[in-house]
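Q: The residues making up each chain are set out below.
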Amino acid sequence: MKYTGNAIKYGDNVDTDVIIPARYLNTSDHAELASHCMEDIDKTFVNRVKSGDIMAAGQNFGCGSSREHAPIAIKASGISLVIAKSFARIFYRNAINIGLAIVECPEAAEGISEGDVVEADLDNGIIRNITTGKEYTTAPFPEFIQKIIANGGLMDSIAKGVIE
Amino acid sequence: MGMTMTQKILAAHAGLDSVQAGQLILAELDLVLGNDITSPVAIKEFAKLNKSEVFDKDKVTMVMDHFAPNKDIKAAEQCKMCRDFCGEHNVTHFYDVGKMGIEHALLPEKGLVSAGFCVIGADSHTCTYGALGAFSTGVGSTDMACGMAVGKAWFKVPSAIKFNLTGKLRKYVSGKDVILHIIGMIGVDGALYRSMEFTGEGLSSLSMADRLCIANMAIEAGAKNGIFEVDDITLDYIREHGGAEPVIYKADDDAEYDEVINIDLSAVEPTVAFPHLPENARTFDQIGDIKIDQVVIGSCTNGRLEDLQAAAEIMKGRKCAENVRVIVIPATQQIYLDAMEQGLLKIFIESGAVVSTPTCGPCLGGYMGILAAGERAVTTTNRNFVGRMGHVESEVYLASPEVAAASALTGKITSPLEVMES
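Chains as they are written, first to last, in this note's numbering: chain R, 1 to 164; chain G, 1 to 422.
In short, the hints are calculated from the structure, not lab data. Just to be clear, a hint being listed does not mean it is correct.
Derived pair list, reagent style DSS-like, types lysine-lysine, alpha-carbon separation capped at 27 angstroms [stated by the list, open to error]:
| id | chain 1 | residue 1 | chain 2 | residue 2 |
| --- | --- | --- | --- | --- |
| 1 | G | K44 | G | K74 |
| 2 | G | K51 | R | K160 |
| 3 | G | K99 | G | K57 |
| 4 | G | K74 | G | K99 |
| 5 | G | K316 | G | K171 |
| 6 | G | K71 | G | K110 |
| 7 | G | K156 | R | K160 |
| 8 | G | K152 | R | K147 |
| 9 | R | K85 | G | K156 |
| 10 | R | K160 | G | K44 |
| 11 | R | K147 | G | K156 |
| 12 | G | K44 | G | K99 |
| 13 | G | K291 | G | K250 |
| 14 | G | K48 | R | K160 |
| 15 | G | K44 | G | K71 |
| 16 | G | K168 | G | K316 |
| 17 | R | K43 | G | K74 |
| 18 | R | K50 | R | K147 |
| 19 | G | K44 | R | K147 |
| 20 | G | K250 | G | K152 |
| 21 | G | K48 | G | K80 |
| 22 | R | K147 | G | K291 |
| 23 | G | K250 | G | K316 |
| 24 | R | K43 | G | K71 |
| 25 | G | K44 | G | K152 |
| 26 | R | K43 | R | K85 |
| 27 | G | K152 | G | K48 |
| 28 | G | K48 | G | K74 |
| 29 | G | K80 | G | K99 |
| 30 | R | K160 | G | K152 |
| 31 | G | K152 | G | K171 |
| 32 | R | K147 | G | K48 |
| 33 | G | K51 | G | K71 |
| 34 | G | K171 | G | K250 |
Stretch by stretch, here's where chain R covers chain G in the computed footprint (C-beta under 8 angstroms, at least three residues) [as the list claims (entries may be wrong)]:
| id | stretch |
| --- | --- |
| 35 | 36-42 |
| 36 | 59-71 |
Residues from chain G that keep clear of chain R, each with C-beta distances beyond 10 angstroms, as calculated [claimed, not checked]:
| id | residue |
| --- | --- |
| 37 | A12 |
| 38 | Q78 |
| 39 | V139 |
| 40 | D143 |
Heads up, the beta-carbon is just placed ideally off N, CA and C, and yes, glycines get one too.
Take the sequences, apply the hints, and build the full model.
A: See the structure below:
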């Protein structure tokens, strides 16, 4: 899987309450969740995010609640990939389960600034910051995770018989 | 190489003699939990599998607690979706208004979790049941859907930090102070992906309410699970609540831990976590004068009978400060009833507090006590993130029921020792 987009950058400990505040959890509609994504730390996000953009962040991204609405909101907003120094464990699981590509790469997360053009080839574990010319390597996704993400999430992959 | 408590439970549920940290396993589940926020997403995912039944109607449970009694039309629709699903699939343990309580107080009370269980729940505070010697962890809705369908979940076997507890808590210091102290020490990702295992001679002085509170906030240190070694206090609790026959897993003597942290319970002081992370823990020598607008005593962390008793002892015969809204939320119907019979509700109401039906409500900024811009609350809940309880410019200070009660009386963040010993 290859991704190219402009980076939107956040700091450490971005929690699921700011990714999608609980006051909007009375719905599971993807477009509605996306319309409030990141609202409590960045009111400009929903207006400036473009399809394919890449989110970069610091440590413990997605900490807090187990709400799957958080990766759903990010994915539905158009973000193609999240690169962070580290992820909270429930968020990590949820992102893969719903088919949102995420990758842990502290060096890349550190070296990416707001607005940089970033290219990632996760099958081969390579992240390039086109703007700065720097290249980073990361562990490639195992094949079954590549399949889950390529097929839109765990349940769709099971339903399609891609994984058992 | 020896195994930790968590590793032993996971090995047994994966049908393996032994497992080691980092290994991927498929484990059998004893219970799959969801609430009114996470279950609707899981129900939609479950539908993709075209399965007519859940794997075991007695091992799936849904609790309507977050936005119930329904806060608005959308919340009502979500609860209806859960109600319809549980009806169609004959789910035995469906808890609706009248029977429900806050899930992590309710399930142990109903005897649905026992020592040695392997539990997943689509709620991050599912780690609470580690207090009963179970492996229990929060997952998302898709994992819940898969769990409901096949009764299994995959896990990466975690390594662990061992917390060796010694000594005994002082009066007016409780489990909440212990866990805030620990998170302050190791940080909000201090136990990321790992288990927090609690053991040591200090355990014998910790009540089940203290242990449930401590295990509940393991996720606030990033942990996969928190778990307590099983002793007579655990066994008595499980027996009293009609839980399944406990299976006790003790860590091997040569179990490998990433780290061993010693905690002297007698040295733990009343502790408050400042905005906007649970790791911003401070003791009263570092607090000063902080005026507050609201107090919440409740939640899956601290809405148990012992918590209400501790708050009532401090509030008895005293009045809440002017201009402070004090909201008490018993976590389950049984706790509500016990608190009523013990006269605790009368104490709260006479002091100027309100008493609510069980609900997660304000903890996650749902309803029943939302904060305006610039307002501050001292609460016994578990998270103080930006906007957690309302406006993004409001502030949440996490504390024990004892600190919350003392603060309700003075209108500023106050140590219970100051109120009770003056």
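Q: If a hint holds in the structure, say so; if it doesn't, say that too.
A: Hints, verified against the model:
{"no.": "1", "hint": "K44/G - K74/G", "verdict": "holds (16 angstroms)"}
{"no.": "2", "hint": "K51/G - K160/R", "verdict": "holds (14 angstroms)"}
{"no.": "3", "hint": "K99/G - K57/G", "verdict": "holds (18 angstroms)"}
{"no.": "4", "hint": "K74/G - K99/G", "verdict": "holds (21 angstroms)"}
{"no.": "5", "hint": "K316/G - K171/G", "verdict": "holds (17 angstroms)"}
{"no.": "6", "hint": "K71/G - K110/G", "verdict": "holds (25 angstroms)"}
{"no.": "7", "hint": "K156/G - K160/R", "verdict": "holds (25 angstroms)"}
{"no.": "8", "hint": "K152/G - K147/R", "verdict": "holds (20 angstroms)"}
{"no.": "9", "hint": "K85/R - K156/G", "verdict": "holds (20 angstroms)"}
{"no.": "10", "hint": "K160/R - K44/G", "verdict": "holds (16 angstroms)"}
{"no.": "11", "hint": "K147/R - K156/G", "verdict": "holds (19 angstroms)"}
{"no.": "12", "hint": "K44/G - K99/G", "verdict": "holds (25 angstroms)"}
{"no.": "13", "hint": "K291/G - K250/G", "verdict": "violated (46 angstroms)"}
{"no.": "14", "hint": "K48/G - K160/R", "verdict": "holds (10 angstroms)"}
{"no.": "15", "hint": "K44/G - K71/G", "verdict": "holds (22 angstroms)"}
{"no.": "16", "hint": "K168/G - K316/G", "verdict": "holds (26 angstroms)"}
{"no.": "17", "hint": "K43/R - K74/G", "verdict": "holds (24 angstroms)"}
{"no.": "18", "hint": "K50/R - K147/R", "verdict": "holds (25 angstroms)"}
{"no.": "19", "hint": "K44/G - K147/R", "verdict": "holds (21 angstroms)"}
{"no.": "20", "hint": "K250/G - K152/G", "verdict": "holds (23 angstroms)"}
{"no.": "21", "hint": "K48/G - K80/G", "verdict": "holds (20 angstroms)"}
{"no.": "22", "hint": "K147/R - K291/G", "verdict": "violated (54 angstroms)"}
{"no.": "23", "hint": "K250/G - K316/G", "verdict": "violated (42 angstroms)"}
{"no.": "24", "hint": "K43/R - K71/G", "verdict": "holds (25 angstroms)"}
{"no.": "25", "hint": "K44/G - K152/G", "verdict": "holds (19 angstroms)"}
{"no.": "26", "hint": "K43/R - K85/R", "verdict": "holds (23 angstroms)"}
{"no.": "27", "hint": "K152/G - K48/G", "verdict": "holds (17 angstroms)"}
{"no.": "28", "hint": "K48/G - K74/G", "verdict": "holds (23 angstroms)"}
{"no.": "29", "hint": "K80/G - K99/G", "verdict": "holds (16 angstroms)"}
{"no.": "30", "hint": "K160/R - K152/G", "verdict": "holds (20 angstroms)"}
{"no.": "31", "hint": "K152/G - K171/G", "verdict": "violated (43 angstroms)"}
{"no.": "32", "hint": "K147/R - K48/G", "verdict": "holds (17 angstroms)"}
{"no.": "33", "hint": "K51/G - K71/G", "verdict": "violated (32 angstroms)"}
{"no.": "34", "hint": "K171/G - K250/G", "verdict": "violated (30 angstroms)"}
{"no.": "35", "hint": "36-42", "verdict": "holds (count 4)"}
{"no.": "36", "hint": "59-71", "verdict": "holds (count 3)"}
{"no.": "37", "hint": "A12", "verdict": "holds (22 angstroms)"}
{"no.": "38", "hint": "Q78", "verdict": "violated (6 angstroms)"}
{"no.": "39", "hint": "V139", "verdict": "violated (6 angstroms)"}
{"no.": "40", "hint": "D143", "verdict": "violated (6 angstroms)"}
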